[in-house]
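Student: Work the whole structure out from these sequences, hints included.
Now for the letters of each chain:
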Amino acid sequence: GDSWGIFTFLCAALCNLPALPALNCSEELGAGQSIQQTYDLTRYLEHQLRTLAGTYLNYLGPPFNEPDFNPPRLARAERVPSATVDLDLWRGLTDNARLAANYRAYSRLLCYLRVLDGQVGTAELRHRLTHFCASLQGLVLSIGGVMSSLGYPLPAGPAGPPTPPSTPAAPNDFLKKMDDFWLLKELQTWLWRSAKDFNRLKKKVPPAVVTLRLEARGF
Amino acid sequence: MFSRWNWVAYGFYLVLNICSPDASSGLVQSCGHIIPESPVLALGSNFTALCILNESCLDFGNIYASQIIWKIKNRLVPKEQYREINRTVSSVTFNDTSALATPLTCNILADGQIEQNIYGITVTVGLPPEKPKNLSCIVHQVSRFTYVMTCTWNPGRHTFLDTQFKLRYSWPEEIFPDCIPKDVNNSCTITDIQFFVNTEIWVEATNALGQAESDPLVVDPIDIVKPLSPQNVSVSSGVLPTVLKLSWENWISDAVMTLKFNIRYRIVGDTNWMEVPSEDTASPRTSFSVQGLRPYTEYVFSIRCMKEDGEGYWSDWSEEKTGITPEDQPSKGPPIWRIIDTSRSPASCWTVHLVWKALKPFEANGVILQYEVTVRDKSSLSSPVKKYNVTSTNHTLQLPEGTYEVTLIARNNVGASPPSVLLIPASNSKAPVKNLRTLPKHDKLWVGWTAPNSYVLKYVIEWCLVSSSSDCIIEWQIALGDVQGIDLKGIKPFKCYLITVYPLYADGQGSGQSVKAYLKQDRPSKGPTVQTKKVGKAEAVLTWNHLTVEEQNGFIRNYTILYKTIDGNETVVTVDPSKTEYTLSSLTSDTLYTVRMMASTDNGSRTGPDFTFTTQKFGKGEIEAIVVPVCLAFLLIVLLGVLFCFNKRDLIKKHIWPIVPDPSKSNIAQWSPQVPAKHNFNSKDQMYPEGSFTDVSVVEIEADDKKSFSEQDLKPFDLLKKEKSTSEGHSSGIGGSSCMSSPRQSVSDSDEGETTQNTSSTVQYSTVVLNGYRDQTPLQVFSRSESTQPLLDSEERSEDHSGGADTTEQRQQYFRQNGGQDETNTDRPCFERTKQITHANEEDLVGFVQLQISGQSSQPLGLGMEKNTQEAALSRVLQTCTEGQTVRPETVEENPLSVDEMPKSYLPQTVRQGGYMPQ
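Going down the list, the protein sequences come from chains A and B.
Following UniProt numbering, the numbering of the first sequence begins with 1 at its first residue and continues without gaps.
Following UniProt numbering, the numbering of the second sequence begins with 1 at its first residue and continues without gaps.
Treat the hints as calculated values from the structure; they're not laboratory data.
Note that the structure is predicted; figures quoted are calculated from it, not measured.
Some hints here could point you the wrong way.
[Claimed, not checked] When the alpha-carbon atoms are kept at most 27 Å apart in a straight line, the in silico BS3-like pairs for lysine-lysine are as follows: (1) B:Lys133 - B:Lys166; (2) B:Lys332 - B:Lys387; (3) B:Lys332 - B:Lys321; (4) B:Lys245 - B:Lys260; (5) B:Lys260 - A:Lys203; (6) B:Lys444 - B:Lys533; (7) B:Lys387 - A:Lys196; (8) B:Lys579 - B:Lys533; (9) B:Lys444 - A:Lys202.
Tutor: This is the structure in structure tokens:
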């Protein structure tokens, strides 16, 4: 019975192989590829942010540019999505939930970053922020692409260009800088954790496995 | 009336038209327009235009659509293309817009004659844009964080219209600003690009006739990056002499992309690059150790990079960096050879020049500081090993003859080379190579040989440029024992090289085999100068000198002698090149020849200067062959003549040397002592013309024509004859002297014909006849001349001289005078005899003269008789002579000859005329 089943499976797989729609195939194959690409992009953003943050904190000036500056997280900073979730809890989530959380977080972060971009004084920094924003936008798109390639629905949320929701103007310049500081810090944390996520996901969905599963599903 | 008004109105319109500041619009507005306005048309499509006339014009100008004519530029459009739609509208249709041009005008033919422009439009004909093809993009890294993406595409055909190209790119939910190319239509550069997101890129082309879009290119820009080449490349050497470490910096962070590399390197001065295997450098790194390099060698390195997974493009090669590997000990000993000079060293001692070649850089592995030469005498084990430290590449030793082992070591900073060993044997007794030959190969000369039978370690090839002026400077090279030919480099063409190959065995060396070779031959630079060594009648020996080595330019294969006479054909003789002499034969004698000589190599020949020579008229010995026989013949003739003369001497003497009695010896001279005979004789000598002839009065008479003699003249002769005949009987004393006196008397008479006559007639001599002829009765007559005549003077003179020689001379002179006269005179032989006798002995003369006289007298007797009778008579005379005097017998033998001629002589006639009285 078992061997017979395997035999029919193989026969069907062989018969169906040429008939499989190419589009489907490449889409499915692309899941692993897009995960890898998203992972690379995350790493790239981390790398960008490392230099950008240094430059930007220098721009903010002391004490923000001090290496051991670690201010307490103010209540008003809570609107920035925090990545300080317990790691075990985070790992316990499904891929879909994690991807959705990432998607939402980066969408929000991107909104704040664009605000920040508009306020920066120096052209060079603004250019780099713009570039970073564009890259982050790409990451949001990539995550969306990974989710769709894996067959997960995109999380309902602030679709389209998210507008900074009801941002109360900072009472003073220092607090505003504190907001910027925390924004960058949260970004770093998110990117660091996303890289781990995608690395794990990449291993979970190797291209070869995807193909086999596709064939099985086709059968 | 109407038409006049019409014209007026029309004229008004024209004026209005001209004066109006906006004339065209005024006219257009007033009279009509074309639809469509300024169309852009696709090439090849069809097109219809309408000209719509204004109602006002119809009313005012009496103009209708039927009067409309269309024009392109100034060319009328055929009427077939018109169509009158209604009263005010006319259309024109073009099936192919390519016939269109700007402007297209609508005109009206007023009254069928005057053409008036109503309206014109600009027509633009072009093509819609093609779909751009071959879109490709590349991301150039500009700086550490800056990347630009340049996309290029093929814009397609020319559209003749203004066409806009736009490079567009987008993410699935975001469209980026378009990239508008500047100045070009086939590329555009995007300055802000995002990696790791698939980007869709396409090109849009737009013009008035349409829009076209290229196929989209979906790419993650990170996969099309051409990174900057690694920077700050540095080369460092380590401990190992074959390793150099290469370090560099990358422009791209690993977070962006990881890189793989290519490293290439080459030796400085070499053009060929070597490459480190790409799999060794396929991972991200910033340094690499290149191994397997040569020690002490300068290398050039260069590096490039690309994305590790192979997507994208290789960067450019980095700038070149050089590095030198550390030194190592020399890898092999220098090739060594020796040149033994035995000429300049004393006996049993060699001057050995050891020569070796500097190691090549890859063998030396560093800077050679010195060479160590060790010489060991193999023949005597006890002798110490000599060591020399040398910095040059040669060393000269003075060694006694023997067998030596020379060891050479090169030393650099790191260490010493393996030793090179050379055996110097006493003699090259081992087998030489065989079949040594050469072959030119382009600019190299190949030397080949056949190996000897035994195992050869290596071969030494010596070569040198052969020169006539200087010594051969030896160059040499070592070849391994398994090769049987090498290429010699640096060989000059047209030069003679002497190449010698020595095989080196483990226990000695073989004798050298030499060959002469040219890399390239040419014709000689000059021809031989030919000369003659010897020229004969029909042959000439030519000599010449060999050309010098420098002049030969090749192997002289032969000499050619070309010779010719001035007008003759040239004769060609080919001569072996080893000769320096040649004999031309079969030449024509006494002829001018021009000869020249040509030396030929394989590649041509050259002729030397002309030389001319003339062959001799006579051959060797030819003159001798002519002269010697001629001389011999001459001598023979002379000898025969002499013999003849000798045989006939009596006859000859008779003719030219008659005996003249010497008056000084005559008895008469003694007999008349008052006259100094000697004195007379002397004076007679001086008065040669007269005196000398006085002796031979008888002869003179003979010479004269007998007719001239008168009877009277002959009288004295008669007397004389009588005297002679009578004096015969006296053997000495008076008889002799009387005999002598009578000729003397006649001599004085007969100088010339007349003189003789005169003298004979005037001078009186006394004649003493002592005896008659044998048969006759001697007449004792003694008469004496009364006169004291020159004759006496001459007698005196002759006494002064008193030499027999003088008398002889006198007689000779006389003989000469009478040489031409008739020799038939019978007296002549008698005179000759007299002369000889005179020589012999003057004393005897007296008797002899007597004999003569008697002979003379006897001849007339023989006349008309038989010869025998004459001979008999003569023999009788001879007998008489021999009895009385010393007379040589042979003279007598001659007598018969003169007797033959006797009839011609005068004397007998005279005598006959006068007649001998006794007969």
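Student: Hints numbered earlier in the text: which of these fail when held up against the supplied structure?
Tutor: Per hint list: 3, 6, 7, 9 violated.
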